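Protein sequences, first through last, are from chains U and R.
Heads up: the first sequence begins at 1 in UniProt numbering, then just goes up one per residue.
Heads up: the second sequence begins at 1 in UniProt numbering, then just goes up one per residue.
No lab work stands behind these hints, which were simulated from the structure alone.
One thing to keep in mind: the hints can contain errors.
Since the list gives no way to pick one copy over another, a pair counts as held whenever it fits inside one copy or between any two copies.
What the hints assert, rightly or not - Okay, derived cross-link-like pairs now, PhoX-like style, lysine-lysine, Cα gap no bigger than 20 Å in a straight line:
hint, residue 1, residue 2
1, Lys299, Lys217
2, Lys146, Lys126
3, Lys88, Lys159
4, Lys126, Lys138
Being a predicted model, the structure only gives us computed values, none of them experimental.
One-letter residues, chain by chain:
Protein chains: 2
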Amino acid sequence: MKQTKKAAIQGGGGSNHEIAAKAYFNTEDIEMVECNTFEEIFSTLKKDSSVYGIIAIENTLVGSILQNYTLLKDSGLVIIGEYKLRIKHQLLALPGQSIEDITEVHSHPMALAQCAEFFKQYPHIKMISRDDTALSGKWIRDNQLKGMAAIAPQLAAEKYDLEIIAKDIETNKRNFTRFLIISDKGKIEVEELLVANKVNKSSLVFSLPHSEGSLSKVLSVLAFYNINLSKIQSLPIVGHEWEYMFYIDLVFDDYNRYLQSLDAIRPLTKNLKNLGEYHVCKRSFDTVSNDNRSLSEQKTF
Amino acid sequence: MKQTKKAAIQGGGGSNHEIAAKAYFNTEDIEMVECNTFEEIFSTLKKDSSVYGIIAIENTLVGSILQNYTLLKDSGLVIIGEYKLRIKHQLLALPGQSIEDITEVHSHPMALAQCAEFFKQYPHIKMISRDDTALSGKWIRDNQLKGMAAIAPQLAAEKYDLEIIAKDIETNKRNFTRFLIISDKGKIEVEELLVANKVNKSSLVFSLPHSEGSLSKVLSVLAFYNINLSKIQSLPIVGHEWEYMFYIDLVFDDYNRYLQSLDAIRPLTKNLKNLGEYHVCKRSFDTVSNDNRSLSEQKTF
Chain U
1 MKQTKKAAIQ
11 GGGGSNHEIA
21 AKAYFNTEDI
31 EMVECNTFEE
41 IFSTLKKDSS
51 VYGIIAIENT
61 LVGSILQNYT
71 LLKDSGLVII
81 GEYKLRIKHQ
91 LLALPGQSIE
101 DITEVHSHPM
111 ALAQCAEFFK
121 QYPHIKMISR
131 DDTALSGKWI
141 RDNQLKGMAA
151 IAPQLAAEKY
161 DLEIIAKDIE
171 TNKRNFTRFL
181 IISDKGKIEV
191 EELLVANKVN
201 KSSLVFSLPH
211 SEGSLSKVLS
221 VLAFYNINLS
231 KIQSLPIVGH
241 EWEYMFYIDL
251 VFDDYNRYLQ
261 SLDAIRPLTK
271 NLKNLGEYHV
281 CKRSFDTVSN
291 DNRSLSEQKT
301 F
Chain R
1 MKQTKKAAIQ
11 GGGGSNHEIA
21 AKAYFNTEDI
31 EMVECNTFEE
41 IFSTLKKDSS
51 VYGIIAIENT
61 LVGSILQNYT
71 LLKDSGLVII
81 GEYKLRIKHQ
91 LLALPGQSIE
101 DITEVHSHPM
111 ALAQCAEFFK
121 QYPHIKMISR
131 DDTALSGKWI
141 RDNQLKGMAA
151 IAPQLAAEKY
161 DLEIIAKDIE
171 TNKRNFTRFL
181 IISDKGKIEV
191 EELLVANKVN
201 KSSLVFSLPH
211 SEGSLSKVLS
221 VLAFYNINLS
231 KIQSLPIVGH
241 EWEYMFYIDL
251 VFDDYNRYLQ
261 SLDAIRPLTK
271 NLKNLGEYHV
281 CKRSFDTVSN
291 DNRSLSEQKT
301 F
């Protein structure tokens with residue numbers, strides 16, 4: 001008998017993390033392990049290596065979630081996949097109310113910020129910051145709180161018998177979040193992917209000493225090996241003021257060639273760390289294109 | 001008689017934007033033009049070109065403030081300077097109260113999020129999301145609200161006669177924000193800086209078509225011209241799924257050589273736009289080093 005998969009998510013059931021987990025594994029038959037913080041996801045995976053972790057890593061509006069990069073880098077866990085989700089915010093409340101009945105809206109600060117424009121029409125509604133979107137809805141249901149609303153995904157409305165009293169209230173519709181699927185069994189997962197010839201992306205972190213053109217050299221070597229990039233971000237290392245850290249995502253067709261390129265750039269970098277090798281998300285940040293294009297058509301530079 | 005300088009800031013007096021404005025211009029004699037939103041800063045500058053704008057552009061914890069990059073890129077205004085500020089959060093309330101008296105804390109969602117750890121000890125305190133840090137303090141003072149606190153800088157405490165009831169409550173002390181000083185009189189400012197031989201940094205935005213090694217080529221050309229980088233960030237252009245946008249900061253010693261390098265990379269890029277030429281902030285992201293090192297020691301790659 002096949003065991004039900006378990007996925008550790010930040011926040012409660014009904015959150016975008018649960019939506020991403022189910023979409024990535026393409027099944028409803030997956031048990032959510034609810035964690036209060038991203039740190040708790042990492043410690044859960046370390047205690048039980050059969051559990052997968054789902055973590056938001058970047059968003060088209062706010063950029064990279066740097067804290068999660070740091071946790072990942074320091075954890076020893078690896079990325080085994082990615083999923084890109086269009087984020088929509090719904091206003092949920094106990095059934096039978098309208099927005100005029102609402103005096104407080106509770107949600108995660110990011111969700112509150114992303115719906116600020118909508119609430120300008122309702123200055124009598126207090127915006128209250130909480131740890132999670134979906135759990136704000138659960139709290140309203142559990143305590144049968146009239147006059148209170150939560151900003152959360154539609155899945156939370158279904159889960160907690162709440163009514164959507166305002167739909168898609170996010171200011172900017174071009175709001176996509178990229179989630180990483182992480183695991184403590186990285187090696188086994190990668191071997192499975194390799195057998196299926198499905199590894200075509202990896203995420204690296206490294207630092208570079210202060211020296212003229214040091215990044216240019218690394219990128220030139222990768223180009224010589226026909227390795228493409230789909231992300232690059234530099235960060236100053238606070239406390240080490242002459243050094244930078246770089247997060248880059250590589251996309252490639254030939255796994256062996258990719259391994260050779262790592263050997264070739266290692267001497268040019270410092271503390272090169274492979275955060276994981278996985279298969280490119282078929283879904284693009286664009287709402288329209290949801291088809292399965294060939295790798296050579298994936299966006300890279 | 002010399003006119004008093006005016007600086008448009010986001011939020012109210014006493015905010016980090018005011019602190020950055022005064023520190024950059026190295027004077028207390030500067031009039032703040034308070035704006036509710038970053039959009040309002042840009043429209044203020046377009047109406048009155050004598051006003052400078054101060055906008056937060058990146059933070060060591062949350063990364064780039066992408067929305068402000070977009071506003072800047074579309075505005076036609078230019079960067080004339082930068083300032084890097086260590087962010088500290090104070091808990092402010094009407095005098096004579098202790099934290100046990102507080103039932104609600106009001107601030108900007110980012111400040112609430114950055115102090116979440118502190119408030120875990122006080123689960124009875126509701127965290128309420130507002131447009132601005134300092135203005136939350138002003139609102140408490142104006143309405144003489146006991147039991148309410150605001151998260152804001154020390155300057156707001158001085159300005160609104162509030163007491164600091166908990167000091168430096170930010171979870172992470174390595175919290176620095178880089179502010180840009182923007183202006184509608186970019187050309188005049190740059191000419192003044194050029195005369196003083198003080199232009200040694202610039203910010204560019206461009207896109208690259210999907211083609212192998214396209215970024216590597218641009219960086220190689222810059223390296224040939226001895227131009228260093230101090231920042232690079234790629235962003236997928238939502239809606240144009242095979243294209244990326246890049247924000248890069250260049251640092252250089254020789255202004256003419258820099259101009260030549262722009263001509264050299266232009267044919268390799270698309271929509272290359274110069275967001276401004278200015279003088280590197282002498283202050284580093286590090287709290288310790290506040291000395292005026294020579295440019296060649298500035299952090300670059």
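Would you pick out the hints that fail for this structure and give their numbers low to high? none
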